[in-house]
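Construct the entire structure; sequences and hints are all you get.
One letter stands for each residue in the lines below.
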Amino acid sequence: MKHLIEPLDFTTEEYEEIFSLVDDIIANPIHYSHFCENKLLASLFFEPSTRTRLSFETAMLRLGGGVIGFSDAGVSSSTKGETLLDTIRVIENYADICAMRHPKEGASLLASKVVTKMPIINAGDGGHFHPTQTLADLITIRHYKKTFDNLTVGLCGDLKFGRTIHSLVRALNRYENVKFVFISPEELKMPEPFKNFIEKENYYETRELTSAISNLDILYMSRVQKERFVSSDEYERLKDYYVLTEEKLKSAKDDMIILHPLPRVNEIAPEVDKDPRAVYFEQTKFGMYGRMALIIKLLEDAK
Amino acid sequence: MKHLIEPLDFTTEEYEEIFSLVDDIIANPIHYSHFCENKLLASLFFEPSTRTRLSFETAMLRLGGGVIGFSDAGVSSSTKGETLLDTIRVIENYADICAMRHPKEGASLLASKVVTKMPIINAGDGGHFHPTQTLADLITIRHYKKTFDNLTVGLCGDLKFGRTIHSLVRALNRYENVKFVFISPEELKMPEPFKNFIEKENYYETRELTSAISNLDILYMSRVQKERFVSSDEYERLKDYYVLTEEKLKSAKDDMIILHPLPRVNEIAPEVDKDPRAVYFEQTKFGMYGRMALIIKLLEDAK
Amino acid sequence: MKHLIEPLDFTTEEYEEIFSLVDDIIANPIHYSHFCENKLLASLFFEPSTRTRLSFETAMLRLGGGVIGFSDAGVSSSTKGETLLDTIRVIENYADICAMRHPKEGASLLASKVVTKMPIINAGDGGHFHPTQTLADLITIRHYKKTFDNLTVGLCGDLKFGRTIHSLVRALNRYENVKFVFISPEELKMPEPFKNFIEKENYYETRELTSAISNLDILYMSRVQKERFVSSDEYERLKDYYVLTEEKLKSAKDDMIILHPLPRVNEIAPEVDKDPRAVYFEQTKFGMYGRMALIIKLLEDAK
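Residue numbers (the numbering used here), protein chains in the order written: chain A, 17 to 319; chain B, 17 to 319; chain C, 17 to 319.
Think of the hints as simulated: they come from the structure by calculation, not from any bench. Don't take every hint at face value.
Same chains, same names: a pair is fine if it fits in one copy or spans any two.
Unchecked claim - The calculated lysine-lysine pairs, modelled on DSS-like cross-linking and capped at a C-alpha distance of 30 Å, are: (1) 129 / 264; (2) 55 / 290; (3) 195 / 176; (4) 216 / 162; (5) 216 / 176; (6) 129 / 195; (7) 18 / 290; (8) 264 / 242; (9) 55 / 313; (10) 255 / 162; (11) 162 / 313; (12) 290 / 120; (13) 120 / 242; (14) 266 / 290; (15) 129 / 290; (16) 319 / 55; (17) 266 / 205; (18) 242 / 162; (19) 290 / 319; (20) 319 / 269; (21) 290 / 133.
Right, here's the structure in full:
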């Protein structure tokens, strides 16, 4: 039985299976609409995350399955002092597969160690991993670019704390000749351990979005939070550097695509939403299809 | 594609379509029990409202569809500062139709401007509109009276702030020879703008429920809140005037019907519940059937 | 129409029907997977209880039915001052059967008095009754012991406030020659009224789990809360007496079974989980099957 706890739990071959399944689901949605009949997803959100939760629940319902769960630790038994592992052991008697978000790093991994027949999907564990976001990112890139090889990928904003960025970089780095451009203020640079996974000639770092944008096939935006800066002067000076506008997009390629894990605050100007290169809302749709494919794959492996 | 943002968004002909559909659903519930198979309702309650939410969710489930959503803004992404419109754009990638309650006036209208394929139903936007309550009211009246023409309709209680009352008056005023009796304390009289829609000879105002009741075909009760009064002496003096009792009902017609949008606090004495003229609990059932018909109609228009 | 408000609402013959139905559901789950098609369960949790709520919802979904409801009074209309009975009257227009948890004793009984077509299942009413926990207990015992007659049942921990223990004792006492061993500190002894139901020769009381364990066919553990003790010295002195360990289990019979209503805090050491006699997680599965059977039975009686 397989679980998905961190993005690299799947080989590129396993991702390829999921991508093919996504293509097939998109082409034949009706064919899959009864695939999970008589199956239940436990959607356990010990920490709220509406978008991710609704994406999982939509995925299961569109497969004809049912959903049980909670959207908030406040209504879970954790208030009575029950351990996470006891909760999971009970839920395993109710549900066939489990998507779980928890504020503690490693919670999903721990859960995956005690179950015997219910696959666990990590829907976010603290600042650690969020593999189905990476899955959404990869499916979106593949949809628009047809390949992962030979792409130049800009990652912009908070590269220090952005877990989705760290995961995406590691996942993309497994393909041929992927180049990374890390665009961030000094305070929020990509941490050394993540850079060490990448060949020196395959990345460079810059503070300037405007000058870097013209070479990119993909621009992955993320939020720059004021709290991350040592001085608010520095924040005020830099913040506009990392806001994507139509002006900055003028020098970008026509077929560059703009991704964002959402929620967006102000790092992408609303005017950009109408740009055909802006695919961050489409990305949430691909995320849902990815979760459908993932549920199918993990349930088949658990048989 | 149609939305339902305010009660007058539908013509009387469109309401007639919905009423016919309701009749057919009541007559053949099994026929409709798979009508929304493979369809999802997003039930987005940025403000809690259990009765309305459960009515929508019941409606969708009884049509064979699925439901995703939240019952409280606390568990939605709005806590992360995401704009309503971004939320709606994401949800449109998950669901086929959306019922939305929001504390801000105009929120549903705004949402309806950004969607391209998901109809929006306003399930209440602040003190503004609550069109599916009006729908429930109309269906109940039509069920018992067979017509809207030539009715004398008493509206009692808080006519100043009661949005469901304002909407119902405007909706009923489109029919032939409907007479209104506005029964309220001075402080809570029907506001001028709403009276201006009505021909002068078609309404009168009174402070006395007891004397007005004998002419009514319909009595629509609403809650009189203490906080609305300038002086608490005035409140104490008047409050019993607006509590419906069996005693007051003695002079009412045998076929008068009593409506209330619920929740009721104490403005209808519990003894009245057993009176055959009391149909306010039946009204919630008609509300559910109305929402079933509405979902069907909007999904068909969106095809 | 039947409701299940307290465990003794069902005769032993009625329980026998449910047990047979559980056997059949376990043997032929697919046969029952459409049994409740077009039926809705209202899952009304005016007080949170994740495990019980998810068990009911799983039960209904596994029968092919739908679920509406809330997990928390905060999102229910009770915040608007509506009475419980008005809420129930409205819900009866939406749902076919109702599971309800409420902090007030007698709430479910009250609800069952106003409904005319929707059976009520008490999912816990304050410190009063929790009959579906008793159902889970009975099904688990019957599964492992094949009979209720001639068993020796140890109940350990908080026998004073533990409602599930009181209910189980009363339910088991209806069978032939059941012996009870009440194991608790002085402060938490079984209350007189419950002992009075039992023949004097059919029970004895002790403070020692270790010495009592060897005769037991069933050991029902419960939590000993620090707050229940007059002095914290006394608590410190006694608490380990009521923690079940592998050491204490050495003198127990090989076919004794260990039950617990969960959540467990520390009264069963984690090492015990692997012991084949530990069936408290299985017990939650039997609870779900029991709720499936109960829903079927009550819906059939309501026809």
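Okay, the hints, checked on the actual structure:
no., hint, verdict
1, 129 / 264, "between (48 Å within a copy, 27 Å between copies)"
2, 55 / 290, "between (39 Å within a copy, 28 Å between copies)"
3, 195 / 176, "within (19 Å within a copy, 65 Å between copies)"
4, 216 / 162, "within (26 Å within a copy, 69 Å between copies)"
5, 216 / 176, "within (19 Å within a copy, 69 Å between copies)"
6, 129 / 195, "neither (36 Å within a copy, 40 Å between copies)"
7, 18 / 290, "between (40 Å within a copy, 23 Å between copies)"
8, 264 / 242, "within (22 Å within a copy, 57 Å between copies)"
9, 55 / 313, "both (14 Å within a copy, 23 Å between copies)"
10, 255 / 162, "neither (33 Å within a copy, 64 Å between copies)"
11, 162 / 313, "within (22 Å within a copy, 39 Å between copies)"
12, 290 / 120, "between (38 Å within a copy, 26 Å between copies)"
13, 120 / 242, "both (24 Å within a copy, 28 Å between copies)"
14, 266 / 290, "within (14 Å within a copy, 64 Å between copies)"
15, 129 / 290, "between (45 Å within a copy, 14 Å between copies)"
16, 319 / 55, "both (12 Å within a copy, 28 Å between copies)"
17, 266 / 205, "within (25 Å within a copy, 59 Å between copies)"
18, 242 / 162, "neither (37 Å within a copy, 62 Å between copies)"
19, 290 / 319, "between (45 Å within a copy, 24 Å between copies)"
20, 319 / 269, "neither (46 Å within a copy, 35 Å between copies)"
21, 290 / 133, "between (45 Å within a copy, 16 Å between copies)"
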